[in-house]
Amino acid sequence: MSAQGPAAAGAARPLGVIANPMSGRDVRRLVGRAQTQTPDAKRNQLQRAVVGAVAAGVDEVLLVRDLFRVSERAVELLRLGATMRFLDIGKLETKPSDTLRAVEAMRKARCGALLVLGGDGTQRLVAQAWPDAPLLPLSTGTNNVFPETVEATTAGAAAGLVAAGRIELPEVATRAKLVRVRYADGSESIGVIDGVQIEGDHPGSYMPFDPEKIRHMLLTRAEPASVGMSPIGGLTLPCGMEEDFGVEVECTGAGEGGRPLRVPVSPGLYRTAYVKSVRRVSLGEPVAFTGPGLIEFDGDRERVLAPGEQATLSVVREGPWVIDTRRALRVAAEQGLYLDAPHWHDEGDGGAGPGCC
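Just so it is clear: in the sequence shown, position 17 is 40 by our numbering, and no numbers are missing.
Rather than coming from a laboratory, the hints here were simulated on the basis of the structure. Hints may contain errors.
As a list, the in silico DSBU-like pairs of lysine-lysine whose alpha-carbon atoms are at most 30 angstroms apart [stated by the list, open to error]: (1) K118 <-> K236; (2) K131 <-> K114; (3) K299 <-> K236; (4) K131 <-> K118.
Values in this document were obtained by computation on a predicted structure and should not be read as measured data.
Given these sequences and hints, build the entire structure.
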């Protein structure tokens, strides 16, 4: 953890909140059965998270604007007694650079915790901009493994308890594993869940992967109860967030000797992958991917490997400190943090009555 890392219990800091307006809206919904997340749904989710955070003790929430006005509309009518402040991150482009600049602004503002609404790709950007961020990743998309799928109110409460300094981060968080890659030219990149080598694909595509084109995978988490790339490992050699190893999977095309594996590559969409081998990979152990092929991380096609070109990947525990919502609220309960609380006033709560204060 860096010198600008999370505060210990007792030192209150702002809560940073970021919502990716583009998550849950890509072309995969046209070929699968995943639901589309509308800006209104995200606004409501974000609003519930902010209410949960303020009820947990946060007195300042930092946000950034977006072209869909998700964050602005979420908090514009809230009257909870906490300060809502928008940071200036420059021109908005609805590109990954918006998220990178938002996270960097939150880091410089010394937020005690970040609550980020978005999928694996969004959380990957957080890890790039603030590697040891105190993070509560909240799912809004489909093929998500890294972010939590929990009620936003309680997610906001968990992040708020940490930001407000009411519980210590190490009690309720685990440092995430990353896939780290080094290319032959010395450049590097990361993934929070997977690094995958695919044949016959091209950078920039947002279509679902055809498992028959997968040749090599390295997973930080191989979750059997997930969709996407992770269950290709998870349905053969499960590996969770807290386990100190990764999973390497080698695949072939149909009829080339791999064992057929029926796997959900997207919500409601099963395909067949052909698995040649699966094994545990120790933390820090190098794994070579050799071209030709395309390297993707967390669903983002990133770089083409020429024939014979190598990239070296490894699984390392060098990612954000991921706050566990259930663990945080259990600690809060054990410490009685919600007992004997002062009066709670929410002007948006019609049930409170006009004379509650």
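A quick look at each hint next to the structure:
no. : hint          : verdict
1   : K118 <-> K236 : 28 angstroms, holds
2   : K131 <-> K114 : 18 angstroms, holds
3   : K299 <-> K236 : 13 angstroms, holds
4   : K131 <-> K118 : 21 angstroms, holds
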